[in-house]
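Those sequence lines, one after another, are chains V and B. FYI, in my numbering the residues of the first sequence are 10 to 582. FYI, in my numbering the residues of the second sequence are 1356 to 1539.
No lab work stands behind these hints, which were simulated from the structure alone. One thing to keep in mind: the hints can contain errors.
[Said to hold, decoys possible] Using 30 Å as the maximum straight-line C-alpha spacing, the simulated BS3-like pairs for lysine-lysine come out as follows:
id : chain 1 : residue 1 : chain 2 : residue 2
1  : B       : K1489     : V       : K194
2  : V       : K318      : B       : K1489
3  : V       : K77       : B       : K1436
4  : V       : K214      : B       : K1386
5  : V       : K194      : B       : K1417
6  : B       : K1436     : V       : K214
7  : V       : K194      : V       : K276
8  : V       : K389      : B       : K1475
9  : B       : K1489     : B       : K1382
10 : V       : K318      : B       : K1403
11 : V       : K325      : B       : K1475
12 : B       : K1386     : V       : K103
13 : B       : K1417     : V       : K325
14 : B       : K1382     : V       : K214
15 : V       : K248      : B       : K1382
16 : B       : K1475     : V       : K133
17 : V       : K284      : V       : K103
18 : V       : K292      : V       : K240
19 : B       : K1489     : V       : K240
20 : B       : K1403     : V       : K325
21 : B       : K1403     : V       : K248
22 : B       : K1489     : V       : K292
23 : V       : K79       : V       : K67
24 : V       : K389      : V       : K103
25 : B       : K1436     : V       : K285
26 : V       : K318      : B       : K1475
27 : V       : K325      : B       : K1489
28 : V       : K223      : B       : K1436
29 : B       : K1436     : V       : K240
30 : B       : K1489     : B       : K1475
31 : V       : K292      : B       : K1386
32 : V       : K471      : B       : K1417
33 : V       : K223      : V       : K389
34 : V       : K276      : B       : K1382
35 : B       : K1475     : V       : K214
36 : V       : K194      : V       : K240
37 : B       : K1417     : V       : K284
38 : V       : K194      : V       : K318
39 : B       : K1386     : V       : K471
40 : B       : K1382     : V       : K240
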Amino acid sequence: MGNCCSDVAGGRAAVGGSGAAAGNDAVDHFLKSRGMYGSQMELSFSATNLRDRDVLSKSDPILIGYTKGKDGTLAEVFRTEVILNSLNPTWITKHVITFQFEAVQTLVFHAYDVDTQFHNIDVKMLKLEELQFLGEASCVLSEVVTRPSRSLNLDLLFREDPTMSGNLRHCGQLIVHAEECISSKTTMEMVLRCSDLEHKDLFSKSDPFLLISKIVEVGLPIPVCKTEVLKNDHNPVWKPIYLSIQHVGSKENPLMIECFNFNSSGKHDLIGKVKKSLVELEKLHSNGEGENLFLPTTVGHNHQNKLLKSQLFVDKFSQSSQRTFLDYLAGGCELNFMVAVDFTASNGNPRLPDSLHYLDPSGRLNAYQRAILEVGEVLKFYDSDKRFPAWGFGARPIDGPVSHCFNLNGSNNHCEVDGIQGIMTAYTSALYNVSLAGPTLFGPVISNAALIASQSPANGGKKYFVLLIITDGVVTDLQETKDAIVKASDLPLSILIVGVGGADFKEMEILDADKGERLESSSGRVASRDIVQFLPFRDVQSGEIAVVQALLAELPTQFLSYMRSRDDIQPNI
Amino acid sequence: MDKQGHKASRTIEVTVLSAENLRLDRKSVKKNTYVTARASPLNSGSTKADFEGGSNPSWNEKLTLEMPFQTSFISLEVICKTNSGDRVIGTASLPISDILEDYTPENHLHFLSYRLRDSKGGRNGVINVSARVKMPVDSVCPSVTKNPIGYGCSSSWQQPALGVPVGHQKNYYSGVVTGVPVWS
Chain V
10 MGNCCSDVAG
20 GRAAVGGSGA
30 AAGNDAVDHF
40 LKSRGMYGSQ
50 MELSFSATNL
60 RDRDVLSKSD
70 PILIGYTKGK
80 DGTLAEVFRT
90 EVILNSLNPT
100 WITKHVITFQ
110 FEAVQTLVFH
120 AYDVDTQFHN
130 IDVKMLKLEE
140 LQFLGEASCV
150 LSEVVTRPSR
160 SLNLDLLFRE
170 DPTMSGNLRH
180 CGQLIVHAEE
190 CISSKTTMEM
200 VLRCSDLEHK
210 DLFSKSDPFL
220 LISKIVEVGL
230 PIPVCKTEVL
240 KNDHNPVWKP
250 IYLSIQHVGS
260 KENPLMIECF
270 NFNSSGKHDL
280 IGKVKKSLVE
290 LEKLHSNGEG
300 ENLFLPTTVG
310 HNHQNKLLKS
320 QLFVDKFSQS
330 SQRTFLDYLA
340 GGCELNFMVA
350 VDFTASNGNP
360 RLPDSLHYLD
370 PSGRLNAYQR
380 AILEVGEVLK
390 FYDSDKRFPA
400 WGFGARPIDG
410 PVSHCFNLNG
420 SNNHCEVDGI
430 QGIMTAYTSA
440 LYNVSLAGPT
450 LFGPVISNAA
460 LIASQSPANG
470 GKKYFVLLII
480 TDGVVTDLQE
490 TKDAIVKASD
500 LPLSILIVGV
510 GGADFKEMEI
520 LDADKGERLE
530 SSSGRVASRD
540 IVQFLPFRDV
550 QSGEIAVVQA
560 LLAELPTQFL
570 SYMRSRDDIQ
580 PNI
Chain B
1356 MDKQGHKASR
1366 TIEVTVLSAE
1376 NLRLDRKSVK
1386 KNTYVTARAS
1396 PLNSGSTKAD
1406 FEGGSNPSWN
1416 EKLTLEMPFQ
1426 TSFISLEVIC
1436 KTNSGDRVIG
1446 TASLPISDIL
1456 EDYTPENHLH
1466 FLSYRLRDSK
1476 GGRNGVINVS
1486 ARVKMPVDSV
1496 CPSVTKNPIG
1506 YGCSSSWQQP
1516 ALGVPVGHQK
1526 NYYSGVVTGV
1536 PVWS
């Protein structure tokens, strides 16, 4: 979660190994799909008061763990060892899992009693139908990591009659404990620079950036980090980059550091490269030496490396152990979910099937409902009271003028509803109680969310707020929205914007600093951090990345950028 | 101090953190940049020069300024030491209203960034600072936050309605201010 990202559009696009073009989203997905952005969690297990299935002795329990897919299918991920004669076992086998904030990771556990005749068989070879079932339990990984103790007690349940849907009987407890692997916490900060880079552009100097990749035994190097693009610079000094040990495997793992000349076409020219491990980079720093870049060349059938006069220097190299997202959660921090729904007339008449607000009698969810449900289902685990502020904007409540921030539950006094289902119910009833109007203004809802977020520091600063805005059109008050976002960037708040329908959302991408420069207000104040994530819903509807994952992936980083700045800043006085 | 012994100014702590993308004569700045923060003609402070950061210098240096109550902003100047003398790279204004936000605690640490403008008004990088009002040690009620307000929206947009019905409060704030702190 500590990857560096550029502030400039060029830097965001600046990814592609060996000169090949590659979009940033593709690389981000590539990294995420391999757990590069998650934290490694080590799960350990114990149980109490298990059923005794043996006549002359106690049960010999084994625990088998599964992950549950969206379609409900179970995939086995681990088996513990067998503990002999124990109704209160503590298993030694640990299961390492990558915690992915943006996904709901459901775990299912089955406990079995292993008969004596199978004790000499490797646990992987045991046939489950030959074992005696002791009970099952399930949880979501988020439930474990949000506990202050990172321990969760689960009831083991046993169905007396497998053919009946009811008849569940308690038969002991399973305790799941999670520890974050130390590699997730150890971070390297490096300042890299190059000297005497070669000209690659015809009429100007090169626009260099670095791409750092992990070299793996099989296949192409895996990109783990990139710098920003520096325009017209032959002796570039890039902003600090941060790598966790987890990203690179170990300090001894070789890394490929490639220097590219940025081209807006996406076909970036390779200027030169260096192959070094973190240990070797640290040595370069301590010795104050540079390493010559090389360029792979082919002469006939011979592959040679042409040594260049350009050099890579490590101006800073420091290692630190930082508090992680999960550390803050264990310390009592919460993410509080808020939602704002667009009720402007451009959504279409809610009673007609072509409306974005159409409530399908068959129960099929519309885009607004799906966005609320998918984001809410992830975030609800991080909010202790599960009461969520919910607003609408751009509509005319009964007997009133057009409102750009009204309470979805119809109340004049309070805006909170109970649970995700409460939001869904309030949304449905609002559709019957307001008439759609316009224009599309974000300023009021962002200001209201910022007002709530501004209360957090007065209460120990343990709450961080996430506002989901779902809209069908381009915002009308763009400058006011920018001003509100810039002001809110100093608060414990992130804003997720989901664009639904077929509108051209190009303008909205300006609000997401991933895709351009830092936002600037009309007064010249600049957003102190990136707090907005924008995503058109159609981008992900048919793709393999769920809307939630694409939207929520940056939240831990945004959360950390706020929390760490409050924790760690120790000025030199 | 005025005749009654009241302070005519407030103390502001500005930590000058860093700057980004500084240019001088259309070239990236290499080194020797420092920042001067000015609350009034007679009240200013400067950081040490940064020798390593080039066009992205960092200072992490705290400056304490006495700010007269009638002053509405702090002026920030990024200056580069050159062979031909000190040259202003860019200036920015830090409005006091950005530090005295309506609903955050009085001494809340704000992280703020501002666009730097050169002498011709052109954009020239960004400066990052943190700032807070330094609370008097002997204030009567130092931990009091400003009067908190309810956060429900009324049916038409306006400042959120005062007061939140009991039982609907998420404890975003604690207590109600019952008096105004008096500075001795």
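Going down the list of hints, with the structure as the test:
1. B:K1489 to V:K194: Judged against 30 Å, a Cα distance of about 34 Å means the pair is violated.
2. V:K318 to B:K1489: Violated, because 53 Å separates the two Cα atoms, which is more than 30 Å.
3. V:K77 to B:K1436: violated (62 Å)
4. V:K214 to B:K1386: holds (21 Å)
5. V:K194 to B:K1417: holds (29 Å)
6. B:K1436 to V:K214: holds (26 Å)
7. V:K194 to V:K276: Not OK: V:K194 and V:K276 at ~35 Å, beyond 30 Å, violated.
8. V:K389 to B:K1475: violated (51 Å)
9. B:K1489 to B:K1382: violated (38 Å)
10. V:K318 to B:K1403: This hinted pair is violated, its Cα atoms lying about 35 Å apart.
11. V:K325 to B:K1475: violated (35 Å)
12. B:K1386 to V:K103: violated (52 Å)
13. B:K1417 to V:K325: This hinted pair holds, its Cα atoms lying about 23 Å apart.
14. B:K1382 to V:K214: Distance of about 12 Å is within 30 Å: holds.
15. V:K248 to B:K1382: Distance ~17 Å between V:K248 and B:K1382 Cα, so the pair holds.
16. B:K1475 to V:K133: Given that 30 Å is the threshold and the Cα spacing comes to 74 Å, the pair is violated.
17. V:K284 to V:K103: Not OK: V:K284 and V:K103 at ~35 Å, beyond 30 Å, violated.
18. V:K292 to V:K240: Between V:K292 and V:K240 the Cα gap is close to 29 Å, so the pair holds against 30 Å.
19. B:K1489 to V:K240: Between B:K1489 and V:K240 the Cα gap is close to 41 Å, so the pair fails against 30 Å, i.e. violated.
20. B:K1403 to V:K325: holds (20 Å)
21. B:K1403 to V:K248: holds (20 Å)
22. B:K1489 to V:K292: Violated, because 43 Å separates the two Cα atoms, which is more than 30 Å.
23. V:K79 to V:K67: violated (37 Å)
24. V:K389 to V:K103: holds (27 Å)
25. B:K1436 to V:K285: This hinted pair is violated, its Cα atoms lying about 37 Å apart.
26. V:K318 to B:K1475: Violated: V:K318 and B:K1475 sit about 39 Å apart, past 30 Å.
27. V:K325 to B:K1489: violated (33 Å)
28. V:K223 to B:K1436: violated (41 Å)
29. B:K1436 to V:K240: holds (23 Å)
30. B:K1489 to B:K1475: violated (35 Å)
31. V:K292 to B:K1386: Judged against 30 Å, a Cα distance of about 25 Å means the pair holds.
32. V:K471 to B:K1417: Between V:K471 and B:K1417 the Cα gap is close to 26 Å, so the pair holds against 30 Å.
33. V:K223 to V:K389: At roughly 35 Å apart (the allowed maximum being 30 Å), V:K389 and V:K223 break the hint.
34. V:K276 to B:K1382: Between V:K276 and B:K1382 the Cα gap is close to 26 Å, so the pair holds against 30 Å.
35. B:K1475 to V:K214: Satisfied, since the Cα-Cα distance of roughly 26 Å is no more than 30 Å.
36. V:K194 to V:K240: violated (33 Å)
37. B:K1417 to V:K284: violated (40 Å)
38. V:K194 to V:K318: violated (37 Å)
39. B:K1386 to V:K471: Given pair B:K1386, V:K471 is violated - Cα atoms ~39 Å apart, limit 30 Å.
40. B:K1382 to V:K240: Distance ~10 Å between B:K1382 and V:K240 Cα, so the pair holds.
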